[in-house]
Amino acid sequence: MIDLGLLVLVLIAAAAGGLSCLRALGALPADEADWLVPGVATGFGVVATVGLGLAALDVLHPLPIAFAGLAVALLGRRDLARAIRAVDRTRVRAAWPYLAVCGALLLAESLAMVAPPVGGDQTKYQLVYPRLYAAAGGLVPTPWSFWGQMQFLQNFAFALGFALSGDVLARFLNAAFGVLTALALASLARRHVGADSGPATGALFFTLPINWSLMTRAGSDIPVVLYAVLATGALLDWMASDRAGDVRRAGLLAGLAGASKVMGLLVAPLLGVVLVGRLLRRSLPPGRAAALVAGFGFPALLAASPCYVRNAIDTGNPIYPFAYRLFGGRNWSPAAGEYLADYYRQYQSTYATRRDGEPYAGLAVTRFPWDLTMHPESFENAARASLDVSPFALAFAPALLLVRRRRPEVLTVAGVGFAYGAIVAAGAWAHPRYVLPAVALTLTAAVPAASMLLGRRLAAVVVAVTIAGNLALIGRYLGTLWPDQVRVAAGRLAPDEFLRRYSSRYAFWERANGAVPPSGRVLVLEKIPHPYYIERPFVLASYLEQGLIDYRTIDSAGALAETARRLGVTHVAVDVSAFTVAGDPFEAAVGRLWRAFVTGECDPVLRQGEYGLYTLRIAPAAERADG
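Residue 2 is where the sequence shown starts when you use my numbering, and the numbers rise one by one after that.
Calculated directly from the structure, the hints in this document are not laboratory data.
None of these values were measured; they are calculated from a predicted model.
You may find that some hints are simply not true.
As the list claims (entries may be wrong) - With a straight-line cut-off of 25 Å between C-alpha atoms, the simulated SDA-like cross-links for lysine to any residue are:
#1 K528 / N382
#2 K125 / R385
#3 K125 / R618
#4 K528 / Y435
#5 K125 / R279
#6 K528 / A245
#7 K528 / L594
#8 K125 / Y478
#9 K528 / I320
#10 K125 / A490
#11 K528 / F299
#12 K528 / Y478
#13 K125 / V425
#14 K528 / G569
#15 K125 / D585
#16 K125 / G584
#17 K528 / T351
#18 K528 / R553
#19 K125 / V366
#20 K528 / L472
#21 K125 / R522
#22 K125 / H432
#23 K528 / A34
#24 K528 / V141
#25 K125 / R457
#26 K528 / A398
#27 K528 / G584
#28 K125 / A508
#29 K528 / G492
#30 K125 / L482
#31 K125 / D497
#32 K125 / A461
#33 K125 / L412
#34 K528 / R283
#35 K528 / P335
#36 K528 / L266
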C-alpha cells in the first residue's frame with residue numbers, strides 16, 4: 002500500500018509539472034477535458050529529467066526528490082485542479098464495460114508487479130542501472146557493458162522509484178506508462194478517428210497479450226508508443242484548429258518518444274514530414290511556415306537530448322554503441338560492432354525457424370505483418386502469448402480504403418504507423434516490440450474501418466470477441482508465474498523463496514553475495530549477463546556487450562588476470578557452460594581463455610548449477626612459481 006501511495010504522489014507531481022511545462026510552451030490542448038493525459042505524460046518526461054539531473058549531481062536521495070516533487074506540484078496545482086474538474090464523467094460512465102475489463106486486468110498485473118522481477122531485459126539492464134544509481138545516490142561508472150548507456154527517460158523514472166522505495170514502485174511507474182498509453186489511444190480515436198471508437202481502441206490495445214508482458218516487465222517500448230500516439234494526436238489537433246501551440250506540443254511529445262529509446266527518434270522526423278507536407282499544401286507565408294517548423298523542431302530537440310548528451314559526455318557517442326564509425330566511442334571498436342551485428346543475425350536466424358523461415362532480406366520483409374500476427378513467437382526466445390499483437394489490425398487494415406468519415410485523419414494515423422513499422426522492420430530489426438507504435442496506430446485506424454466494413458453492431462461483436470481472445474491468451478500466464486506472484490503479494494510466499502523457484506541466477510547470487518565481502522569486486526564472465534541480483538561491486542566482462550576488456554588483444558590467462566587486478570577484482574563469477582560453447586571461432590577462443598583463467602589464476606569458492614564463484618589469486622602464477 003505504501004508503494005501505491007507513493008505512486009499517487011509521483012503521478013500528482015508529474016501531472017502538475019507536465020501541465021506547467023505545457024503552459025510555459027503555450028501548448029496546452031484547447032479543451033481542458035483533454036489536458037490530463039498529455040499533462041501526466043509530459044510530466045513523466047519532466048520527472049525523468051529531474052531524476053537524471055539529481056543523479057548527475059549525486060543527490061538522488063528521497064529528500065531532494067521530495068523537494069523537487071513538492072515544487073512542481075505547487076507550481077502546477079491550479080492547472081491540475083482544472084484538468085481534474087474538466088474530466089468528462091459522462092464519457093467515463095459510457096465506457097464502463099471496457100473500463101471494467103481493463104480494471105480487472107490491471108489488478109491482475111499489479112499483483113504480478115509486487116513479486117520480485119524475474120528474467121527479461123529488466124534484469125539485464127532496464128532495472129539494473131536505475132537500482133545502482135539509487136543505491137549510490139547518483140550516476141556510477143558503468144560496470145562495463147554498453148547497456149549502461151541504454152538508460153533513457155523511463156530508466157531515470159525507475160531510478161526515482163528505487164530511491165523512494167524499491168523495485169515495486171519502479172515497476173508501478175512502468176505500468177503507469179501502459180495505462181496512459183491506452184487512455185491516449187482512446188483519446189486519439191475519439192477526437193480524430195471516430196467519436197464512438199475511443200473506448201474500443203483503448204481496450205483493444207490494453208488487452209493485447211504483448212501489453213501484459215510489457216507492463217509486468219519493466220522496459221522502454223510502451224513509453225515510445227505513448228509519446229508517438231500523443232504527438233500524432235497533437236499534430237492532428239493543429240491540422241483541425243491551426244493553433245501553433247498544438248505544433249509545439251507535438252514537437253515536445255515527439256522528442257520525448259526519442260528520449261525513451263533510440264528507435265523513438267523516428268517519431269519526430271515522421272511527424273515533421275507530415276507537418277511540412279501540410280504546410281506546402283497550405284501555401285503559408287514563409288515566415289509563418291518557418292516559425293511552425295521551428296516550433297516543432299526546437300521542443301523536440303530539447304526534450305530528446307538529455308540522455309544522449311549524457312552518453313556523449315560519458316563515451317563520446319550520443320547513441321553508443323551504434324554508429325561507431327561516425328561517432329566513435331570509448332571501450333568499443335569496429336570489430337566489436339561487427340561481432341554484435343553477427344550475433345543478432347544469428348539470433349534472428351535461430352528463431353525464424355519457428356516459422357520455417359529466415360531473417361528478412363529485401364522484399365521478403367513484406368511478409369513481416371503476417372508473421373508478426375501469426376507467428377509472434379518466431380522473433381525471440383519467448384512464448385507466443387508474450388508477443389501476440391492480435392489479428393485485429395492486420396484483418397481490418399485493408400478496410401481503410403473504405404473509410405469516408407474523417408478520412409484524412411484516419412489515413413494520417415495509419416500512414417505514420419505504416420511508415421514507422423516499415424522503417425524499423427526494413428532498416429533495424431523486424432520485431433514485435435520494436436514495431437509496437439506502428440501496431441498501436443494501425444489498430445487505432447482499423448477500428449473505424451471495421452465499423453465501416455461490418456456495420457457498428459457486428460463490429461462491436463468482433464471487438465468483444467477479439468478482447469476475449471486476448472484475455473484467453475493472457476490466461477496462459479496465469480498458470481505459470483502468476484499464482485506464486487499472487488502469493489507473494491498476499492504475504493503467503495517470501496520473495497526470496499519465489500526467486501529461488503524461478504531464477505537460477507538468483508539461486509547462485511544469493512550464495513555468492515554472502516561469500517564476497519562488501520569490499521570485494523566481482524568479475525562476471527558471462528556472454529549475456531543479467532546482473533540485477535548482484536549485491537556487491539561488479540565488473541561485467543562479456544565478450545559480446547563490452548570492450549573495456551578486449552578479448553581480441555588478451556592472449557593468455559595471465560594477461561586476463563592482470564587486467565582483472567588492475568580493475569580491483571577480488572572474485573570471479575563465471576557461467577561454466579561458456580567453456581564448451583563454440584558458436585563461432587571467437588566465442589570458442591574466449592571459452593578456452595576463461596577456462597584457463599579460472600583454473601590457473603583462481604581458486605574455487607562455490608558452485609550452483611551452471612555458475613561458479615572463484616577468488617582471484619593476488620599474485621600472478623609466474624611469481625608464485627618463482628617463490
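Item to check | 25 Å Cα cutoff - pair K528, L266 | outcome: Judged against 25 Å, a Cα distance of about 29 Å means the pair is violated.
Checklist entry - Regarding the pair K125 and R457, is the alpha-carbon distance no greater than 25 Å? => result At roughly 45 Å apart (the allowed maximum being 25 Å), R457 and K125 break the hint.
Checklist entry - Does D497 lie within 25 Å of K125 when you go C-alpha to C-alpha? => result The hint holds at about 19 Å.
Checklist entry - K528 and T351: Cα distance at most 25 Å? => result Holds, at roughly 17 Å.
Next on the checklist: Need the status of pair K528, I320: alpha-carbon distance at most 25 Å?
Outcome noted: holds (22 Å)
Next on the checklist: Hinted pair, alpha-carbon criterion (25 Å max): K125, R618. Please report holds or violated.
Outcome noted: violated (29 Å)
Item to check | Satisfaction of hint between G584 and K528, Cα-Cα up to 25 Å | outcome: Distance ~12 Å between K528 and G584 Cα, so the pair holds.
Item to check | K125 paired with A461 [C-alpha distance capped at 25 Å] | outcome: violated (41 Å)
Checklist entry - CA of K125 to CA of G584, is that 25 Å or under? => result holds (22 Å)
Item to check | Restraint status (C-alpha distance of K125 to R522 at most 25 Å) | outcome: It holds: about 19 Å lies between the C-alpha atoms, which stays within 25 Å.
Next on the checklist: Hinted pair, alpha-carbon criterion (25 Å max): K528, P335. Please report holds or violated.
Outcome noted: Holds, at about 19 Å.
Checklist entry - Is K125 within 25 Å of D585, Cα to Cα? => result Satisfied, since the Cα-Cα distance of roughly 23 Å is no more than 25 Å.
Hints 3, 5, 6, 11, 12, 19, 20, 23, 25, 26, 29, 32, 33, 34 and 36, counting from the list given before, are not met by this structure.
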